[in-house]
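K.L.:
Residue numbers for the sequence shown, in mature numbering (1 follows the signal peptide of the UniProt record, and there is no 0): -25 to -1, 1 to 279.
The hints are simulated quantities; they were obtained by calculation from the structure and are not laboratory data. No residue lacks a Cβ here, since even glycine has one placed at the ideal position from N, Cα and C. A portion of the hints provided could be inaccurate.
DMTMM-like mimics (lysine to aspartate or glutamate), calculated; alpha carbons at most 20 Å apart, straight line [what the hints assert, rightly or not]:
hint : residue 1 : residue 2
1    : Lys79     : Asp23
2    : Lys90     : Glu76
3    : Lys52     : Glu38
4    : Lys79     : Asp99
5    : Lys43     : Glu96
6    : Lys52     : Asp132
7    : Lys127    : Asp137
8    : Lys127    : Asp58
9    : Lys52     : Glu150
10   : Lys107    : Asp23
11   : Lys140    : Asp23
12   : Lys140    : Glu150
13   : Lys140    : Asp27
14   : Lys127    : Glu150
15   : Lys43     : Asp58
16   : Lys43     : Asp23
17   : Lys52     : Asp27
18   : Lys90     : Glu38
19   : Lys43     : Glu128
Distance windows between CB atoms, simulated [to be verified]:
hint : residue 1 : residue 2 : range
20   : Thr66     : Gly94     : 44 to 50 Å
21   : Phe240    : Thr262    : 31 to 37 Å
22   : Ser139    : Val42     : 26 to 32 Å
23   : Met46     : Ala10     : 16 to 22 Å
24   : Ser123    : Pro147    : 26 to 32 Å
25   : Glu96     : Pro145    : 49 to 55 Å
26   : Thr116    : Thr34     : 20 to 26 Å
27   : Lys90     : Thr116    : 21 to 27 Å
28   : Ser29     : Glu104    : 34 to 40 Å
29   : Ser60     : Glu104    : 43 to 49 Å
30   : Thr146    : Ser22     : 29 to 35 Å
31   : Pro138    : Ser39     : 43 to 49 Å
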Amino acid sequence: MYNLSIKVFILLISSFFLFPTDVSAQVVINEFSSADTSDWVEIFNNSDSNIDLSNYSLTDGSESGNVKTFMCTLSSKGFLVIDWSNKLNNTGDIIYLRNNEELKDCVSYGDGAGKLCEGRESIDLSVIETNKFGARVTDGTGVWNIVSLATKENPNDRSVRDPSKICFTPTPIPEPTQAPTSAPTSTPTPSPTRTPTSTPTSTPKPTKTPTPKPSIQSSPDVLGDTSTDSSGLSVNEISLGLITPTSTPLIESEKIGKIPPYSYFIAGGGVIFLGLAVYSFFTSRKTSYNNSDGQEENSSKHEI
């Protein structure tokens, strides 16, 4: 009985060192396709809790690694298929699953791209032929096998998949932000506006309108004398001692001293009328005198 217990212990220890990634991994490589151009890899969450895959990555045995990353959270017992079109070699390759730099799982086939999974002494699978797939017999923990029918994104035992077991993107919960305390805003005191001082406007003094003075004309010494003072100015031409031009000239000063021609006719007619009156007077007197002398002669004759 003692010897049996020792053998079981040694077997468990050997299994731990021979398959370290299979025992310790929670997210593992579960199935893949490499013989067709539409290469893909399926991973499986073998734990009882959701796992954030944002730090996980897939690489192959090439120098570049053909890195594939994921930005989702894989549900417990959920599947995620990663399209890796034409990246896996037909003759053989090796597939690594890492969380940051920590190796979580590994599987190799064919020539393994010249590499072996860590802790293993041989390739896991032979060359995958067309219409063939590499898959674990039991999801998450079973040994690798080559199968003819793929169970992509479904349980490998062909049982019904729970549709809620997916890789989802969680809705980010916004962190509560402290409402900013509004600081009292100082209201600037408006500067008093200076009232503009009105500039006194000088009132113009009224200009006296000059009263025109008539020009002084020299009177002629002799009736009919037409001599005039050539320096005489018209009434409109005298304005505060300044000569103001006018559009209508007044009667020239030399014409003021002249007697109109009709005055001579009036004066001559008056003289004639006066002569006739004098003549009539004397004629009347003479007739009256003669009559008086005739009556006296007749009276003398009668007395004789």
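K.L.:
May I ask which of the numbered hints given earlier this structure violates, with the numbers listed in increasing order?
P.N.:
3, 5, 9, 10, 12, 14, 16, 20, 23, 24, 25, 29, 30 and 31
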